[in-house]
Amino acid sequence: MKILLHLGEPFWRAAGKREVEIALNDGGTISDALASLANTYPTLAKDLDGEEAKPMLFMNDEEASPEKILSDGAKIHVVWPVSGG
Amino acid sequence: MSNTAIINLSSNRIEVSPTPQNLIRAFLGGRGMNMYYLRKYLRASGDPKKLDPFDPANPLIFGAGLLTGTIAPNAARFNVSAKSPESLGLGDANCGGFFAAAMRKNSFDRLIIVGKAAKPSYLLIEDGNISIREADGLWGMNSPQTQEALKSAHGSGTVSAVISQAGENKVRMAAVMTGLKNTAGRGGMGAVMGSKNLKAIVARGGEQIPVADKAALSATRKEQTKYLQDSKVIQVLGTLGTPFLYEVSNRLGAIRTRNSQENSFEDTLVASEIEKFSDKMLACTSCVVHCRHRNTLGGEGPEYSTIGLLGANIGVAPADQVIMLNNLVNDLGLDASSTGTIIAWAMELYQRGIIGDGVTDGKLEWGDYERVVDLINDIANRRGFGNVLAESSQAKKIFPPEAADYLIAVKDLPQSDPHDVRYIKSFALGIAVASRGADHLRNRPTLDILKLPDDVRMKIFGVPTSSDPTSYEGKAGMVAWHDDIYAVADSLGICKFITHGFNSPKLLGYDHFVELIQSVAGLNFGEGELRETGKRVIDIERQINLEIGRTRADDTLPKRYFDDPMPARATKGHHIDREKFQKMLDEYYEARGWNNEGHLSKERLAELDALV
Chain H
92 MKILLHLGEP
102 FWRAAGKREV
112 EIALNDGGTI
122 SDALASLANT
132 YPTLAKDLDG
142 EEAKPMLFMN
152 DEEASPEKIL
162 SDGAKIHVVW
172 PVSGG
Chain A
594 MSNTAIINLS
604 SNRIEVSPTP
614 QNLIRAFLGG
624 RGMNMYYLRK
634 YLRASGDPKK
644 LDPFDPANPL
654 IFGAGLLTGT
664 IAPNAARFNV
674 SAKSPESLGL
684 GDANCGGFFA
694 AAMRKNSFDR
704 LIIVGKAAKP
714 SYLLIEDGNI
724 SIREADGLWG
734 MNSPQTQEAL
744 KSAHGSGTVS
754 AVISQAGENK
764 VRMAAVMTGL
774 KNTAGRGGMG
784 AVMGSKNLKA
794 IVARGGEQIP
804 VADKAALSAT
814 RKEQTKYLQD
824 SKVIQVLGTL
834 GTPFLYEVSN
844 RLGAIRTRNS
854 QENSFEDTLV
864 ASEIEKFSDK
874 MLACTSCVVH
884 CRHRNTLGGE
894 GPEYSTIGLL
904 GANIGVAPAD
914 QVIMLNNLVN
924 DLGLDASSTG
934 TIIAWAMELY
944 QRGIIGDGVT
954 DGKLEWGDYE
964 RVVDLINDIA
974 NRRGFGNVLA
984 ESSQAKKIFP
994 PEAADYLIAV
1004 KDLPQSDPHD
1014 VRYIKSFALG
1024 IAVASRGADH
1034 LRNRPTLDIL
1044 KLPDDVRMKI
1054 FGVPTSSDPT
1064 SYEGKAGMVA
1074 WHDDIYAVAD
1084 SLGICKFITH
1094 GFNSPKLLGY
1104 DHFVELIQSV
1114 AGLNFGEGEL
1124 RETGKRVIDI
1134 ERQINLEIGR
1144 TRADDTLPKR
1154 YFDDPMPARA
1164 TKGHHIDREK
1174 FQKMLDEYYE
1184 ARGWNNEGHL
1194 SKERLAELDA
1204 LV
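Line order of the protein sequences matches chains H and A.
Going by my numbering, the first residue of the first sequence is number 92, and it counts up by one from there.
Going by my numbering, the first residue of the second sequence is number 594, and it counts up by one from there.
Keep in mind that a hint or two might mislead.
To be clear about the criterion: a stretch of chain H counts as covered by chain A if any three or more of its residues have a C-beta under 8 Å from a C-beta of chain A, and this derived list gives those stretches [to be verified]:
{"#": "1", "segment": "92-102"}
{"#": "2", "segment": "122-135"}
{"#": "3", "segment": "138-146"}
{"#": "4", "segment": "165-176"}
Hints listed in this document are in silico derivations from the structure and should not be mistaken for laboratory results.
Cβ coordinates follow ideal geometry from the N, Cα and C atoms, glycine included.
Looking at chain H on its own, in the form it has when it is part of the complex:
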């Protein structure tokens, strides 16, 4: 199946683009999609699983957990969790 990752700040800069299509096996999770992303863009790996913060994930206007099982055509937003400034 194909899913679309929409990369928010600052993740899209390592990928050079806002949207990345990922191919996953059926039953794949958001975690699997992020692992695939990190594999494709190794400089993202530390940011995606950093000790400072794990990304916030949104699907269909709701927060999603990394364990969420995906279906074909799913779109996930990936953003860094900051809130003060």
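Given chain H's structure and the hints, the job is docking chain A onto it.
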């Protein structure tokens, strides 16, 4: 040696004395020591409740942090404090830039300004001396013009803290400005300055600030800078600035939009759109982050707060228009947060027919950029409807009674930041109890959004807390922890962007601060002792507010946050439950050691009074 100057503008008398060592030990400097003096002077005025903030007896206190101006990382900051003409309560604004370093090079870490000059004046601090000068020709100039004129008059190396037309006209949300954008914004400190006929404070010359152990400080700075620059948050802030924060809040559904009637807005204001108008990144003195944009439209900024409050909150979507509004409020010396919140309030009142064209001088519709430009100019110059909005929250005394239901403020201070706090309950508690009013920089528990593991949270906060941002459980302890460390950072003069707890569980904590205090001031503090200093600052602020007449009833939230569920996105349906809020408030008071009315114990009060 560091000195405190008491400047009486009525009598032209200036008294200079060394800053008492016991006060440095108790409050460090900056915000903490300002609060000590603010309480002292308000009590000396007779009745702090009754004192008009524009009365000459209202002290205007400029205080540099204990570390400000040294090479300690990000040690640029100072506080400006007085009884606030905006909230009519505790007033305190924190600011960066280069001014406080210049003040300290002249051996002054605090100026306490009382009285009122007979005619427009400014203070000149030069080569260790202070004099009062006439501000011929400066009155009526905006902030950049004033600073340029003073630089021309006094030469290169001149740094100024000034008011613009807004301060001169005692607009209740007038700010004190230094540089193009560094702002002591909250609470109308610029209006207090204007009420004293004081246009500017100028600093130049002086000598390098003495420190206890230069070599140790240099080594500590090197080590701490490396530690900080390993942080992803610091790296991103250094390239994108705070506009970085907009996207996640918007995606979540937590951007104050159209006076919080909505909670998400256009993607036109994300960092990648703002940076199209960025020339380069700038820094305050000794800063390792450099988070400030110089924009290509003639100013500096914008910050996330400005993008939210002069963008989404008033319905203005184009990035260049928001940047122009940012530049305009800075030039006119207005607090961007209050200006955006008050204009949004007025727009909703107009939308609902509570006020009409006759009051607003014509249409006042969401997103009408040209009208907003005119209105901001009118606010600064107190013209037409601008004269009403220049009253900030106090305009509720002019509008029909139901207008107050739509004001997004706490303790009459308009909310500072664009984050809609109905979702993250600790954020809501934070702005409800913050000492100066609805403000995120007193205690924003940013770590709540990170959903850190239980053991990590326990290690940081020392009390059980829920990892669910929408839970009310344990959030009181989380807010109290952030209260304390931010109070210490403000008293040291260190920027919150590098302070543990502000968007990252890394960054500088009490252990790092202890090293810096030792090498700069030669003072030994334990980490626990340092946190106690933060608690002391929070308690003095609480006592100031109580003596001004604040009660538990003032530790609350805008009506909308209780009664209106958030309408869209991941936060849909969330609001603050009144009963759960009161329970959280009880727990907060307990965490702070206060009784259930929010009063300090007699023993604690005696302890604070013994410091005098």
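Between the segment 165-176 of chain H and chain A, are there enough contacts, at least three residues with CB-CB distance under 8 Å, for the coverage claim to hold?
holds (count 8)
For the segment 92-102 of chain H, do at least 3 residues have a Cβ located nearer than 8 Å to some Cβ of chain A?
This one holds; 3 residues, not fewer than the three required, reach chain A with a Cβ under 8 Å.
Go check the segment 138-146 of chain H versus chain A for me, would you? Three or more residues, Cβ under 8 Å, otherwise it fails.
holds (count 6)
Quick check: do three or more residues in the segment 122-135 of chain H have a beta carbon closer than 8 Å to a beta carbon of chain A?
Our answer is that it is violated, as 0 residues pass the Cβ test (under 8 Å) against chain A, missing three.
Comparing the model with each earlier hint shows a violation of hint 2 alone; every other hint is respected.
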